[in-house]
Amino acid sequence: MAAATAGPGSLLPALTVFLVAFPLLAGVVLLFTTAPSVRNVIVVGASTVVALASVAAAVAFGNGADVFYGLPGDASPQTAIFIAEVAIALFVIGIGLHYRRFLAPALALAQLAIAIWLQVGGHEPAPDPSRLFWFDRLAMVLVLIVGIIGPLICIHALGYMRDYQRSYPLIRGRRTAFFFLLFLFLSSMFGLVLSNDLPLMLVFWEITTLCSFLLIGYTRTPETIGYAFRALNMNLLGGLGFSIAIVLLSGRPGGLDLARLTAQPAGAVLLPAIALLALAGLTKSAQMPFSSWLIGAMYAPTPTSALLHSSTMVKAGVFLLLRLAPAMAGTEVGTLVAFVGLLTFLFVSLVAVTEQNTKKVLAYSTIANLGLIAGCAGIATPQTVWVGVMIVVFHAVAKSLLFLVVGTLENRLYTKDMEHFDGLLSRMRRVSILALTGIAGMFVAPFGIVIAKWSAIRAFIEVPGWEGAACLLIMAFGSALTIFYWGKMLLKVLSTRAVDPGERALEERVSGFEWFSETAHAAGVVGVAALVGVISERVVGPYALGAFHAAPRTFLDVSPAMLVVLLASVLFLPALGFWAWRRRDYDQADFYASGRQAGADRVVGAALGGTREITLRNYYLEGVVDGGLVFRVGTAVCALVLAAMVVVPAVVRA
Amino acid sequence: MSGLAGAVLFVVLAPVAGGLLVGADRVVTARMQGRVGPPLLQPFYDVGKLLEKEARQVNPVAEPLLLGHLAFMALTGALVLGGVDLLFTVFVFALAALCLVLAAGSVASPFSHAGAERELIVLLATEPFFILMLAAVCKVTGASTFAGVLASPVAVAEELPGVLLAFLFVATVKLRKSPFDIAASHHPHQELVSGLTSDMSGRLLAYVHLAHWYETALLAVFVVLFFNRSVPLGLAVFLLAYAVEILVDNSTSRAKWELVLRSSWAVTLLFSGGNVLAVFLLGR
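So the sequences go chain by chain: B and H.
Residues 1 to 654 in our numbering are what the first sequence lists, from first letter to last.
Residues 1 to 284 in our numbering are what the second sequence lists, from first letter to last.
It should be emphasised that the hints constitute simulated quantities derived from the structure, not laboratory data.
Accuracy of the hints is not assured; some may be wrong.
[Stated by the list, open to error] Computed footprint of chain B on chain H; a stretch qualifies when at least three of its residues, placed anywhere within it, have a C-beta under 8 Å from a C-beta of chain B: (1) 59-69; (2) 86-92; (3) 97-109; (4) 113-120; (5) 255-262.
Glycine residues also receive a C-beta, built at the ideal position from the N, C-alpha and C atoms.
Generate the whole structure from the sequences, applying the supplied hints.
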């Protein structure tokens, strides 16, 4: 690994401290800000500063060799880490006992015991103060995602929460806590993706878990509290795996240094620890058997789903897996991680076709994409790691946009049910065009995710033995399922019907914050598509090659003919939306209804007199696919694979 | 520039070949049913007439979507023959099919809508096969383009007999031939009326016909991939298979969508999946 220590003039240590400290400070200020007008100013201002600081960090890094650095003045964080670990554990124990849920406190207690043993017992080596943080191209990608998409979502939340509180008037006062948690989350996310010292990363890791827990339980109804604890339990289990990995690695010099740990394929000695870290990554990314927490997390306010549960926090899991990829290369752990990911991709895609709640479809799609990334990380070749990081980028922008759009729809139409979105293009034109852009970014636009899928299939052809055949089969069926559920969503958006002026006016009540954020996201979807070559060959490609010490090569082998096709199809759906918008007074002929009179209002004369309204529904494959059953089978199968992943290396070592 | 020539050739010749095949289909079908049937060139007359007629626009998105359907379908073939990575073309192929689904589904008519939903199921039923087929062809030949497959010394059909068998099944579904004509029907007296195309008229319907001809020609190109050692043999096999399709089309009644989905997936999984597994295990 081409390691370079930051020179004395480097801004990275200061910027890192700023990226962690500033959002935290902004969050604390927001906790005590009750006036909406003041809050708006603070959130917009702080968001701008965070975005600028993250761009500044990327510029300071300069997209070159890896940089390792510590805190300004080489301060040691060891005591602070220990205090934070104790505080987190005490908080979990306290809140768990308050709600009489005992699994989370037990897991926290176990982690606390480990932390005390390591710290007070002196078993944990002191971290190298000059290698606490690791800024490389992958970290840069994540910093930019967190630092640009995160603030945009915070701005969106200003508009969304105003309407949300109208639906839940009893919890109006908690909005201060909501914004505090969003900014606390941003702070810890920056810390997480930049940490090179594993105990330091674990602290940030657990803070994101707590943010997720508190945001899911935001409304504090018995239902959401249940889902919040489910998320907490599963993520704490992953955190416990992380802690045990730290115990296993503590005895080895430099063992807690992530960059050194993952510089080469892990030997039998290190493999159990790698497996436990992978377990933590899989829980955070809601891979089966842990997928149910992310579905429950959909009960959180929608900006939470956009920020934590699609674009950033769940990406922390696959981020860790991608980091571990060189260590997993060619090991049993790598193969088993790959199959947990790919099977999850297949199973949840199958469940998604039976789901009617739009937010849940988006959640399943998120888990599926994370599964694909996990699969790529587990197969661990430069090509697959390239695919994985590319999906991280494209998915973050497009999926965040879709969640925000659903949030806007939810506050206007009072439903998340896909079946109630029909005629959307006639009713809410601007929202529809944004939705079409997001959907295009997810699966139509061959830039982005389709390019990644294509490359994944290319890479899987090269995988020898039954594993290669299995990967191809999973990709083939998984991709088809993806087309099916996005196709259904498109049908609903694109279907047209007569609307009255009242329905058209719905859109006028969408706040400026939401318009700004969603438009910026849509520009981002088009932007990353336009910059696909730069992202691939200048950033992601060099990262993948560097991680495996591989010879230089190009990854995005796109011929001019393909480029033309790509451009045509990325713009096709949004252009279609604009076209329909312009043609609002298009001559709409009556449609066919067995010779009976039928108009755009969908009312037809019934057989025995009177009138009937036509209702159209999507197919959810009832009778062929049982979503609940598939979910349970997937959970069971992946649990077995996961158990093998944790047990096999330990047995091999013994 | 042979790639460009191939692409142009497909765009120009595919509708001629596809139209002739559909014309022959109608003649043979008529003879099977004891009728004289239309002249061979009838499909061309039909499309010519449709293009002249005034189109009833049911909504503003149907026409651009159908143009997209036609353009992407022609493009898929052009890309295959133009020497673009075969695995990439499968995504354009799916996009083409999706455009037709969206065009039909954007109409409020229950018949169109049911046709659209069922076409989406057809896409779900057939897409895994096409991805797997092209991946398998690339695997055994080590090539990634059409020309590369033709130049390969490996006889693809000998390596992938299971995939070829599955192709014959899946092509029936893709061509919307009975018993798998769940999304559209040539005989508008059934529960679907004419499904997908119920609300398409004039030039809109002409686009659908043209796209169907391109699609048929594209399937012929796919068969040639299997008989890469001899292109005429490949075309002959395709024609023979099409003749069998006509016979099946005329002697079966429409199946339910559940059966279409289950059987397509089962065939894909067993025949192509088994074949692909064997190829990987034998280390080719």
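Now the hints, each set against the structure:
1. For a cut-off of 8 Å, the count of residues in the stretch 59-69 of chain H with a CB near a CB of chain B stands at 6, and the three-residue condition holds.
2. Here the stretch 86-92 of chain H counts 4 residues with a CB under 8 Å from a CB of chain B, which clears the bar of 3, and the coverage holds.
3. Closer than 8 Å: that is the beta-carbon criterion, and the stretch 97-109 of chain H has 8 residues meeting it against chain B, so the requirement of 3 holds.
4. Under the rule that three or more residues need a Cβ within less than 8 Å of chain B, the assignment of the stretch 113-120 of chain H holds, with 5 such residues.
5. With 4 residues bearing a CB less than 8 Å from a CB of chain B, the stretch 255-262 of chain H meets the requirement of three and the coverage assertion stands.
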